[in-house]
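Novice: Next come the chains, spelled out residue by residue.
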Amino acid sequence: MLIKSSADLLQCYDIIIIGGEEVEEWLFKEDEYTPKEDKDKFVDKSTFAILKILSNIKKQDYIIKKGQFYSLNPMFKLSFTIAILVFISLSKNSHFIVLSLFSVLVYLLFLDKVDVKTIVKLSLILPVFTLVMLIPSIILGNISNSLKIILKVFTSILLINVLSYSTKWSELTKALKVFFVPDIFIFVFDITIRYIYVLGESALEMLYALKLKSIGRNPKKYNSLSGILGNLFLKSKETGEEMYSAMECRGFTGEYSYSSKFRISYKDILYCIYNIALIAAYFII
Amino acid sequence: MIQLNNLSFSYKEISALSNINLTIHNGESIALIGANGSGKSTLLKLINGIVFPSSGSYLFDGMEITEDSLEESKFSKIFHKRIGFVFQNSESQLFNSNVYEEIAFGPKQMGLDEEEIEIRVSDCLKLLDIEALRNRTPYNLSGGEKKRVAIASVLALNPEVLVLDEPMNGLDPRTKRFIRELMLKLNASGKTLICSTHDFEYVDGVFKRAIVFSKDHTIIRDGLYNEIIQDEKFLIENNIK
Chain Z
4 MLIKSSADLL QCYDIIIIGG EEVEEWLFKE DEYTPKEDKD KFVDKSTFAI
54 LKILSNIKKQ DYIIKKGQFY SLNPMFKLSF TIAILVFISL SKNSHFIVLS
104 LFSVLVYLLF LDKVDVKTIV KLSLILPVFT LVMLIPSIIL GNISNSLKII
154 LKVFTSILLI NVLSYSTKWS ELTKALKVFF VPDIFIFVFD ITIRYIYVLG
204 ESALEMLYAL KLKSIGRNPK KYNSLSGILG NLFLKSKETG EEMYSAMECR
254 GFTGEYSYSS KFRISYKDIL YCIYNIALIA AYFII
Chain A
110 MIQLNNLSFS YKEISALSNI NLTIHNGESI ALIGANGSGK STLLKLINGI
160 VFPSSGSYLF DGMEITEDSL EESKFSKIFH KRIGFVFQNS ESQLFNSNVY
210 EEIAFGPKQM GLDEEEIEIR VSDCLKLLDI EALRNRTPYN LSGGEKKRVA
260 IASVLALNPE VLVLDEPMNG LDPRTKRFIR ELMLKLNASG KTLICSTHDF
310 EYVDGVFKRA IVFSKDHTII RDGLYNEIIQ DEKFLIENNI K
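First to last, the protein sequences are chains Z and A.
Heads up: the first sequence runs through residues 4 to 288, numbered per my numbering.
Heads up: the second sequence runs through residues 110 to 350, numbered per my numbering.
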C-alpha cells in the first residue's frame, strides 16, 4: 500500500501499533534529505586494501589450473629457490649474477601474462630504493659493486615472486617439511593463512555495512573503525576458542603430523637439472 | 523503481548472476527464492551497490548505479539513504558501543537534532521490541536480538526500499513470527520489500511476488508468490523445497 493521502496514513497508524503506543509519523513519509559534504574516502580505502589481500588469498585456488610451471613439486621449488638465493648472496662474480637473472627470466616465459606483469612490477620497485641508497657509493666511483648489489636485489625479489605467484601457500607451508620444520608449526602457518581470509571477510562485511550506513556527515569516523577492529578482535578470539574446542572434540592432544605426498614428474626432474646446473655454475665460473 | 537490464555478474571466473532482467515497482513485496549458491545474495548486494555488474545495467529510480556514479559522495549517500540492507549475518552490521548508538548512527549522520534522533531511536526500539536492550553492547546479544538491532539500525534511516538477506536464518520461531509481522507492517506502510528466503513456513502472506533463481544463476520464474509456493513439483525440481 502506498501512502497517497492522510486517510492512507491513518490506516498505517492503525497497522503499526506496538504495545498500545503509536510509532511516529517519520517512518511513513519520505525524508527530504540532502547529505552534507564529508570526507569519507577512508572507508573506500580500507575496503580496497582488504579486498586486495582477500583476492590475493582467493586467487591461490586458481594457481594449479594455469600451467606447467605452476604444477611443479613445491618441495623442489622451495628448496632450489632458497639455495639459489643463498648462492646469489654469496657470489661476487657478476657473470654468475647475470646468469641467475637470465635463468629466472626464463621462468617468466612459463608464467601467466598477468602474473608476469605483477611480478616484474613488484620486482622493479625495491631495486630503485637500493639504487637511491647506493648513490653515494656510485658517486665515489664504486660503480661495479653497486651494480652487482642492485642486480642481486632485483634477481632475488624476482625469484621470490616467481615462487610466491606460482605456488599455493598451503603447499609452500607443507614443503617446509623438507627443512625439518615441526608439523605443529606448519599447521599453525596453515591456520593463520586461512584465518586471515576468514577475518578479512568479516572485516569487509563490516566495512560494507559502515559504508551503507554512512549517509551523511560522520565527525567520529575513527570511532567507527575502532568499533570494527574491536569486533574483529572479539570475533578472532571467539573463533580461535571455538576451533580449539572443535579440535579437542576430534581428538587433538597437541600433536599433529602432516603427511605431504608430492608426486615427482619429468618436469620436476628437468627443473632440478636446470637448477643444479645453475648451482654448478657458481663453482665453475 | 529498480530496473535490471541483461545484468550479469561474476566473481573472478565464476559466474554468480547471468542475464538478469527485472523490474521492481514502488511498494512491492518480493521474495527471492532459490537453492544455495543460486545468486540471491549477490543480487541483493548488487541492488545495494556493494558489488557492480560485469555487464548489463542497474537503474534505481531512473539513475544508473555504477561504480563511477557511487564514487560521487552526495549521490552515493542519497542512494544508500533510500535503500536499506539487512545483512544475512547481522553481527557484521553492528559496530557501535551500544544499541542506542547503533540505531542512532544513521540519524546522527543525517544531521537531525537530538530530539528527533531520540524519537527515531525510541520508535525503532519499540517497533522491534528491544527497549530493554537500549544500553547493551551489540556484540554480546543473542542471534535474534542482533537481528532485531540490525533491522532497527536500518529502519532508523527510514529507507524507501528494505532489502533483507535471509532474515529468518538461525532465529527461534517467536523471533521469526515477529519478523514476519514486522515485514507485513512495513510493507503496509509503503516500504518496498525485497527479501531472500528459504523459510516459507514463516513468511506466509508477506510477499505478493516471487522471483525464482536456478542453479545456473538465472531467473527461471517470476510470478505471484502464492502460485509459485503451491507448485510443489517445480519447487522440488529446483531444490527449493
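In short, the hints are calculated from the structure, not lab data.
A couple of the hints might just be wrong.
In silico DSSO-like links for lysine-lysine, alpha-carbon gap of 30 Å or less [what the hints assert, rightly or not]: (1) A:K217 x Z:K44; (2) A:K324 x Z:K32; (3) Z:K238 x A:K217; (4) Z:K55 x A:K235; (5) Z:K44 x Z:K180; (6) Z:K48 x A:K285; (7) Z:K240 x Z:K223; (8) A:K317 x Z:K39; (9) Z:K32 x A:K285; (10) Z:K224 x A:K285; (11) Z:K223 x A:K154; (12) Z:K55 x A:K285; (13) Z:K44 x A:K183; (14) Z:K39 x A:K217; (15) Z:K42 x A:K183; (16) A:K217 x Z:K42; (17) Z:K48 x A:K183.
Output of the computed footprint for chain Z on chain A, the stretches with three or more beta carbons under 8 Å from beta carbons of chain Z [claimed, not checked]: (18) 202-214; (19) 323-333.
Estimated spans, in silico, between C-beta atoms of each pair [as the list claims (entries may be wrong)]: (20) Z:D193 x A:N115: 23 to 33 Å; (21) Z:L112 x A:N145: 17 to 27 Å; (22) Z:F286 x A:E176: 49 to 59 Å; (23) Z:A52 x A:F161: 39 to 49 Å; (24) Z:A52 x A:G171: 27 to 37 Å; (25) A:E176 x Z:Y277: 11 to 21 Å; (26) A:N335 x Z:K116: 27 to 37 Å; (27) A:E346 x Z:L54: 30 to 40 Å; (28) A:N115 x Z:V191: 42 to 52 Å; (29) A:G171 x Z:V109: 51 to 61 Å; (30) Z:L54 x A:N278: 37 to 47 Å; (31) Z:L150 x A:F161: 11 to 21 Å; (32) A:E176 x Z:D193: 27 to 37 Å; (33) A:I123 x Z:L112: 37 to 47 Å.
For glycine and all other residues, C-beta sits at the position ideal for the given N, C-alpha and C.
Novice: If I claimed the Cβ atoms of A:N335 and Z:K116 lie 27 to 37 Å apart, would that claim hold in this structure?
Specialist: 53 Å, violated
Novice: For Z:F286 and A:E176, compare the CB-CB distance with the range 49 to 59 Å and indicate the outcome.
Specialist: Holds: the Cβ-Cβ distance is about 56 Å, inside 49 to 59 Å.
Novice: The hint says 39 to 49 Å between Z:A52 and A:F161; measuring C-beta to C-beta, is that right?
Specialist: 19 Å Cβ-Cβ, so the 39 to 49 Å window is violated.
Novice: Do Z:L112 and A:N145 keep their Cβ atoms within the hinted range of 17 to 27 Å?
Specialist: 42 Å, violated
Novice: Could one say that the CB atoms of Z:L54 and A:N278 fall in the range 37 to 47 Å?
Specialist: Between Z:L54 and A:N278, where Cβ atoms are some 25 Å apart, the hint is violated.
Novice: Is Z:K55 close enough to A:K235, meaning Cα to Cα at most 30 Å?
Specialist: At roughly 41 Å apart (the allowed maximum being 30 Å), A:K235 and Z:K55 break the hint.
Novice: CA of Z:K55 to CA of A:K285, is that 30 Å or under?
Specialist: 37 Å, violated
Novice: Does the segment 202-214 of chain A contain three or more residues whose Cβ lies closer than 8 Å to a Cβ of chain Z?
Specialist: Three-residue rule met by the segment 202-214 of chain A, so holds; n is 6.
Novice: Starting from A:K317, check that the Cα of Z:K39 is at most 30 Å away, please.
Specialist: 37 Å, violated
Novice: Is Z:K42 within 30 Å of A:K183, Cα to Cα?
Specialist: 11 Å, holds
Novice: Does Z:K44 pair with Z:K180 here, judged by a C-alpha cut-off of 30 Å?
Specialist: Between Z:K44 and Z:K180 the Cα gap is close to 44 Å, so the pair fails against 30 Å, i.e. violated.
Novice: Verify the proposed pairing of A:K217 with Z:K42, using a straight-line Cα cut of 30 Å.
Specialist: 16 Å, holds
Of the numbered hints given earlier, the model fails hints 2, 4, 5, 6, 8, 10, 12, 19, 20, 21, 23, 25, 26, 30, 31, 33; all others are met.
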